[in-house]
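Respectively, the protein sequence lines represent chains X and Y.
If you count the first sequence from 1, you need to add 87 to reach our numbering.
If you count the second sequence from 1, you need to add 87 to reach our numbering.
Calculated from the structure, these hints are not laboratory results.
Warning: the hint list may mix true and false statements.
Note that identical chains are pooled: a pair holds if it fits in a single copy or bridges any two copies.
What the hints assert, rightly or not - No more than 20 Å apart at the CA atoms, straight line, and that leaves these computed lysine to aspartate or glutamate pairs for EDC-like:
1) K277 <-> E306
2) K351 <-> E142
3) K334 <-> E134
4) K337 <-> E204
5) K307 <-> E317
6) K337 <-> E142
7) K334 <-> E204
8) K153 <-> D245
9) K282 <-> E306
10) K351 <-> E204
11) K307 <-> D245
12) K311 <-> E224
Protein chains: 2
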Amino acid sequence: MQKAIGIFDSGIGGLTVLSELIRVLPEENTIYLGDTARVPYGIRSPETVTRYSFENTRFLLSQEIKMLVVACNTASAISLDAVKSEFPLPVIGVLEPGARAAAAATRSGRIGVIGTEATIASGAYERAIRAMLPRAEVTSIACPLFVPLAEEGWVDNDVAELVAGRYLSPFRGTGIDTLVLGCTHYPLLKPVISKIMGSDITLIDSATETAAEVRSVLEKLNWKKAGSDEGVVRRYFVTDTPARFEKVGKLFLGEGSLAAEQVKVGGA
Amino acid sequence: MQKAIGIFDSGIGGLTVLSELIRVLPEENTIYLGDTARVPYGIRSPETVTRYSFENTRFLLSQEIKMLVVACNTASAISLDAVKSEFPLPVIGVLEPGARAAAAATRSGRIGVIGTEATIASGAYERAIRAMLPRAEVTSIACPLFVPLAEEGWVDNDVAELVAGRYLSPFRGTGIDTLVLGCTHYPLLKPVISKIMGSDITLIDSATETAAEVRSVLEKLNWKKAGSDEGVVRRYFVTDTPARFEKVGKLFLGEGSLAAEQVKVGGA
Chain X
88 MQKAIGIFDS GIGGLTVLSE LIRVLPEENT IYLGDTARVP YGIRSPETVT
138 RYSFENTRFL LSQEIKMLVV ACNTASAISL DAVKSEFPLP VIGVLEPGAR
188 AAAAATRSGR IGVIGTEATI ASGAYERAIR AMLPRAEVTS IACPLFVPLA
238 EEGWVDNDVA ELVAGRYLSP FRGTGIDTLV LGCTHYPLLK PVISKIMGSD
288 ITLIDSATET AAEVRSVLEK LNWKKAGSDE GVVRRYFVTD TPARFEKVGK
338 LFLGEGSLAA EQVKVGGA
Chain Y
88 MQKAIGIFDS GIGGLTVLSE LIRVLPEENT IYLGDTARVP YGIRSPETVT
138 RYSFENTRFL LSQEIKMLVV ACNTASAISL DAVKSEFPLP VIGVLEPGAR
188 AAAAATRSGR IGVIGTEATI ASGAYERAIR AMLPRAEVTS IACPLFVPLA
238 EEGWVDNDVA ELVAGRYLSP FRGTGIDTLV LGCTHYPLLK PVISKIMGSD
288 ITLIDSATET AAEVRSVLEK LNWKKAGSDE GVVRRYFVTD TPARFEKVGK
338 LFLGEGSLAA EQVKVGGA
């Protein structure tokens, strides 16, 4: 088979990125690794997240990939530079594409960012946005319960609305016109976030932006999959047993088989 | 120092058990291991939970312990028998003491159990309760969002009430008179659970029952700490960096220093 696009996430959330990749590059082979034995990354320290990222990358490289997508905002925020300098293949995180889209979308220069504790604590979105738009004023809020809510499938009920209302209320009065969904789980909560923020706030979904960036890099390098009669290969690996990934993953990827193989990655 | 009581949990929740241990056995040395680099266990497979339990036990044994407390319901439900047969020291889980207390408390024979996905899926509480009270009718419900709610400190607000109301509503009409809080995080949510279930339902808190069991075993073996002038030793180890443990742990243990040392345990 021709070399694939390798994608890793701490678990299931990165499937929102894979879903977008499949939409814009349906012909490309993809290999997805969900580190389900060590999910979630958003509550862990930078040192630990970086070690996990390296181990995941080494595994994907053993599977013949031409490009790496770090489809986890926490891993992108904390370890992307380290991964890039250790592994000299094209590496795309989910953070820069989202930051770039936000900088392009805002009119007021006031941008909100929501993400996990680790992502927000890293300050990486703020730095990335201000590197592109120095006048930007960025307000960041950690929303730790959004990931378990999304994994529970409680994305449009009264609990989701109440939790979102609490987390997002500090944005009132900040004058933001753009909000970055800085975690791959959050697109599932888009309807409720949109309801609370109001329809005049632009929501930036990193998954969409990242897939566009992957396409653009493949085109620039002339690395898109060569025409051939071979079918498209989609492989899924997980570090815990596959049952929960296959079940919950359906919320993220929609239709299609998520049959996954369990592998040992680092100490997972 | 005299040999300690070793306690492990997937992370922070086991501190509710330690807190009770300190209350009933204030003079005993304690060594607590929180596997914070791999928490939570409640969403992982039985094989993975068992491997993590073995690795945690080996670490605690290296620290000179006389007895092991598996202060995590998921690890107790899934791996206690395996741990006991691998490591022949006194091992106490949090499940049997809770089951025994429930069997003793119920009048109607109808008992409810709440816990993580993995604990409920294991059926271990139902088996333990029916072994003690064959006529018992056990209704079990997984409450995956309770752990993240407790860790966020949202234990007595409108979100906690709404989530608890949703999870617990299937108990209506079952006639249960006793409810087992089958996860070490859940005692933090006791007030809201009690409010929803009503004051005529007896809540069984495994932490209290487990500490009583530890004391009873130490007395039976005549292994209580010998009188001496040495102070009490409390040590805390974690597998991720200590900052979050020390901060969130205060919710669980109340006052006192939680200064923890990071260690490598298995692949954590």
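Results for each hint:
1. K277 <-> E306: This pair counts as neither: shortest intra-copy Cα distance 30 Å, inter-copy 57 Å.
2. K351 <-> E142: both (10 Å within a copy, 16 Å between copies)
3. K334 <-> E134: between (31 Å within a copy, 18 Å between copies)
4. K337 <-> E204: Answer is between; shortest inter-copy Cα gap is 18 Å, intra-copy 26 Å.
5. K307 <-> E317: Classified as neither: same-chain Cα gap 24 Å, cross-chain 70 Å, threshold 20 Å.
6. K337 <-> E142: neither (26 Å within a copy, 33 Å between copies)
7. K334 <-> E204: between (26 Å within a copy, 13 Å between copies)
8. K153 <-> D245: Neither, since 44 Å and 49 Å both go past 20 Å.
9. K282 <-> E306: For K282 and E306, neither the intra-copy (37 Å) nor the inter-copy (60 Å) Cα distance is at most 20 Å.
10. K351 <-> E204: Answer is neither; intra-copy 27 Å and inter-copy 23 Å both fail.
11. K307 <-> D245: Answer is neither: 46 Å inside a copy and 51 Å across each miss the 20 Å cutoff.
12. K311 <-> E224: Neither. Shortest intra-copy (38 Å) and inter-copy (60 Å) distances fail the 20 Å Cα cut-off.
The structure shown violates the earlier hints numbered 1, 5, 6, 8, 9, 10, 11 and 12.
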